[in-house]
Structure formats: C-alpha cells, structure tokens
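Numbering (our numbering), first residue to last: 17 to 137.
FYI, nobody ran anything at the bench for these hints, they're computed from the structure.
Quick caveat, the model's predicted, so the values are computed rather than measured.
There's no promise every hint is true.
[Claimed, not checked] Pairwise CB distance ranges (calculated):
#, residue 1, residue 2, range
1, Lys20, Glu104, 29 to 39 Å
2, Pro103, Leu134, 32 to 42 Å
3, Phe96, Lys65, 36 to 46 Å
4, Lys37, Lys137, 15 to 25 Å
5, Trp86, Lys37, 27 to 37 Å
6, Ile101, Phe62, 33 to 43 Å
7, Gln35, Glu58, 11 to 21 Å
8, Phe62, Pro34, 17 to 27 Å
9, Ser29, Glu58, 16 to 26 Å
[Claimed, not checked] Calculated lysine to any residue pairs in the SDA-like style (CA-CA distance at most 20 Å, straight line):
#, residue 1, residue 2
10, Lys49, Glu75
11, Lys112, Glu58
12, Lys137, Glu104
13, Lys78, Glu104
14, Lys100, Val132
15, Lys49, Lys100
16, Lys112, Pro34
17, Lys111, Ser29
18, Lys52, Trp86
19, Lys100, Gln123
Even for Gly, the Cβ is constructed at its ideal location relative to N, Cα and C.
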Amino acid sequence: MEPKNPQTKNFLSGVELPQEKGFPFSAFDFNAKDEKFLAELEQVPFIEKNQPVQNCVPESIKKIMEMRDWNFRTVKETLFLFDKISPEHPRLDSKKFWNCLLRAGIQGILYYSDSVQLEEK
C-alpha cells in the first residue's frame, strides 16, 4: 500500500461506496466499534515510538490472537511480523493502529506506520 493514499485511507476507515457494500471485507472478523474495545483504547491512547506492538495488545484483541486473516496469518503472527519489519516505528495512535490491523492486517498497519512517519518529516 502506498502511504498517504486517499483510497487506502478510506478503505482503512471503513468508507464504502454504495456499490461496494461489504466489499472488500476486513482482514479479521472483529467488531471494531465494540464499546469495551473502544474503552480499552481510551486507556492506552498511544503505542510509543519503537515500542514492540506485541507488548501493547488490548484485552479484546488478546482474545483473537489465533484468528487468521485473508493471508492465513494470525493476529499474533501479524504483530510479530510488524515488530520484525518496523522495530523503529513512530508514536502511533492506538485506535488507528488497531483498526488498521483489523481492517487490513499487516498491510494496514505498515501503511499506517509509514504514513505517520512521512507526516513527521
């Protein structure tokens, strides 16, 4: 995914055109609008710069760590891969990061991290 791409941003935000209803589907089947999940994100609003994301997993996400995405990769494997690819990432907004993970897996969180990094330059 190309950083700062408006179409990608819309997809990750859940924006749908009328003819796209329900497609493309999210990488992980999880209700990102769940009140408990959103409350957890409020308690830890950021993933600090260079902090391994595997150490920042909200309780709601911990329950789905073995769920597989469209690449047949689990949440746990996806977070491990992100930490391996991007050990030096910028400070990330938790809500945006976890929503990007749920919506688009590794591609989504790499896109989000790269976009934040470009904004900081």
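Now for the hints, and whether the structure bears them out:
Lys20 and Glu104 have their C-beta atoms about 19 Å apart, which leaves the hinted 29 to 39 Å range violated. Taken as a hint, the range 32 to 42 Å is violated for the pair Pro103 and Leu134, whose Cβ atoms sit roughly 18 Å apart. A C-beta distance of roughly 19 Å is found between Phe96 and Lys65, which places it outside the suggested range of 36 to 46 Å. About 37 Å separates the C-beta atoms of Lys37 and Lys137, a value inconsistent with the hinted range of 15 to 25 Å.
The beta-carbon spacing between Trp86 and Lys37, approximately 18 Å, falls outside the hinted interval of 27 to 37 Å. For Ile101 and Phe62, the hinted distance range of 33 to 43 Å is not satisfied, since their beta carbons lie about 20 Å from each other. In this structure the hint that Gln35 and Glu58 lie 11 to 21 Å apart at CB is violated, the actual value being about 35 Å. The hinted range of 17 to 27 Å is not satisfied by Phe62 and Pro34, whose Cβ atoms lie roughly 35 Å apart.
At roughly 19 Å, the beta-carbon separation of Ser29 and Glu58 lies within the given 16 to 26 Å, and the hint holds. Of the supplied pair hints, the one linking Lys49 and Glu75 holds, its CA atoms being roughly 15 Å apart against a limit of 20 Å. Proximity of Lys112 to Glu58 is assessed by CA-CA distance (about 12 Å); at most 20 Å being required, the pair is judged to hold. Of the supplied pair hints, the one linking Lys137 and Glu104 holds, its CA atoms being roughly 15 Å apart against a limit of 20 Å.
Proposed proximity of Lys78 and Glu104 is contradicted: the alpha carbons are some 23 Å apart, above 20 Å. As the CA atoms of Lys100 and Val132 are separated by approximately 18 Å, the hinted pair is consistent with the 20 Å bound. The suggested pairing of Lys49 with Lys100 is violated, with an alpha-carbon distance near 29 Å, which exceeds 20 Å. With a C-alpha separation of about 24 Å, the suggested pair Lys112 and Pro34 falls outside the 20 Å cut-off, and the hint is violated.
The hinted pair formed by Lys111 and Ser29 meets the criterion: a straight-line CA distance of about 11 Å does not exceed 20 Å. A hinted pair counts as satisfied when its Cα atoms are at most 20 Å apart, and Lys52 with Trp86 does not qualify at roughly 25 Å. Of the pairs offered as hints, the one joining Lys100 and Gln123 holds, with about 14 Å between alpha carbons and a cut-off of 20 Å not exceeded.
Hint compliance for this structure: hints 1, 2, 3, 4, 5, 6, 7, 8, 13, 15, 16, 18 are not met, and every other hint is.
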